[in-house]
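Once you know that position 44 of the sequence shown is 44 in our numbering, the rest is easy, because the numbers rise by one and skip nothing.
Calculated directly from the structure, the hints in this document are not laboratory data.
Incorrect hints may have been included.
Claimed, not checked - As a list, the in silico DMTMM-like pairs of lysine to aspartate or glutamate whose alpha-carbon atoms are at most 20 Å apart:
1. Lys43 to Asp72
2. Lys43 to Glu70
3. Lys43 to Asp56
4. Lys43 to Glu20
5. Lys43 to Glu82
Unchecked claim - Derived DEER-like restraints, expressed as beta-carbon distance ranges:
6. Leu51 to Pro164: 54 to 64 Å
7. Asn63 to Val83: 12 to 22 Å
8. Arg152 to Leu124: 29 to 39 Å
9. Tyr139 to Ala67: 32 to 42 Å
10. Pro48 to Phe136: 45 to 55 Å
11. Arg155 to Arg119: 20 to 30 Å
12. Pro44 to Arg154: 48 to 58 Å
13. Pro48 to Arg154: 48 to 58 Å
14. Gly79 to Ser103: 27 to 37 Å
15. Val94 to Glu127: 36 to 46 Å
16. Ala148 to Leu124: 22 to 32 Å
17. Arg107 to Thr160: 53 to 63 Å
18. Ala67 to Arg152: 37 to 47 Å
19. Asp35 to Arg107: 15 to 25 Å
Since we're looking at a predicted model, the values are computed, not measured.
Every residue gets a Cβ at the ideal spot worked out from N, C-alpha and C, and that includes glycine.
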Amino acid sequence: MRVGLVVACLFVVSACGGGEPNLLNITQPSGAGPDEFAVLPTKPLIIPDDLAALPDPTPGGSNVTDATPEADAIAALGGNAEVLSRAGSDGALVAYASRYGVSPAIRAELAAADLEFRRENDGLFLERLFNVNVYFDSYEEQSLDQFAELERLRRAGIRTSSVPPDPSF
């Protein structure tokens, strides 16, 4: 009887440790079903009148039939898609965003900090045991209360055009 109880306790305790913490406990589907985002439609193949007009093939370079969703969206909205191909078209934005310097290891630093945060806030024992979703509780202090922020902006007289007008007016 005692041996069985000890073995059962070992199984329960062993289930608690190791691995990366999972705050958003959503049941995983069985099997590796199809990935609908793995297949992208390409543009139709067209033989140009002048084959010399084709770009030279470069490893890792773009292809004439590659999908260009940003350019397609700009063209569909009536803009000039050629603006995207200009060198440094986002130069002013990048310069402004990096005016205080940039860290080349920012992704690794943020990933390590988030992993440590998730390890510290991975829920209580019974929450982990029964796969209770603790994601929203863990990140609650870091989230923005959108309705309070909307009221603060309205009190300051700032127009919020993407939000319906206040019904009390």
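Exercise. In this structure, is the beta-carbon distance linking Arg152 and Leu124 contained in 29 to 39 Å?
Worked result: holds, 34 Å
Exercise. Does Glu82 lie within 20 Å of Lys43 when you go C-alpha to C-alpha?
Worked result: holds, 17 Å
For this session: Could you say whether the range 53 to 63 Å given as a hint is met by the Cβ separation of Arg107 and Thr160?
Result: violated, 32 Å
Exercise. Would you say the C-beta atoms of Asn63 and Val83 sit inside 12 to 22 Å of each other?
Worked result: Check passed, 21 Å falls within 12 to 22 Å.
Problem set entry | Gly79 paired with Ser103, Cβ distance criterion 27 to 37 Å | At roughly 33 Å between Cβ atoms, Ser103 and Gly79 fall inside 27 to 37 Å, so the hint holds.
For this session: Starting from the hint 15 to 25 Å, judge whether the C-beta atoms of Asp35 and Arg107 obey it.
Result: holds, 24 Å
Exercise. Okay, Ala67 versus Arg152 on CB: inside 37 to 47 Å?
Worked result: At roughly 41 Å between Cβ atoms, Arg152 and Ala67 fall inside 37 to 47 Å, so the hint holds.
Exercise. Lying within 48 to 58 Å: is that true of the beta-carbon distance Pro44 to Arg154?
Worked result: Cβ of Pro44 to Cβ of Arg154: about 50 Å, so the range 48 to 58 Å holds.
Exercise. Does the Cβ distance between Tyr139 and Ala67 fall inside 32 to 42 Å?
Worked result: At roughly 34 Å between Cβ atoms, Ala67 and Tyr139 fall inside 32 to 42 Å, so the hint holds.
Exercise. Has the given pair, Lys43 with Asp72, been kept, meaning a C-alpha gap of at most 20 Å?
Worked result: Holds: Lys43 and Asp72 sit about 11 Å apart, inside 20 Å.
Problem set entry | Range hint compliance [Cβ, Pro48 to Phe136, 45 to 55 Å] | holds, 54 Å
Exercise. Does the alpha-carbon distance linking Lys43 and Asp56 stay inside the 20 Å limit?
Worked result: holds, 18 Å
Of the hints listed earlier, those the structure fails to meet are numbers 4, 11, 17, in rising order.
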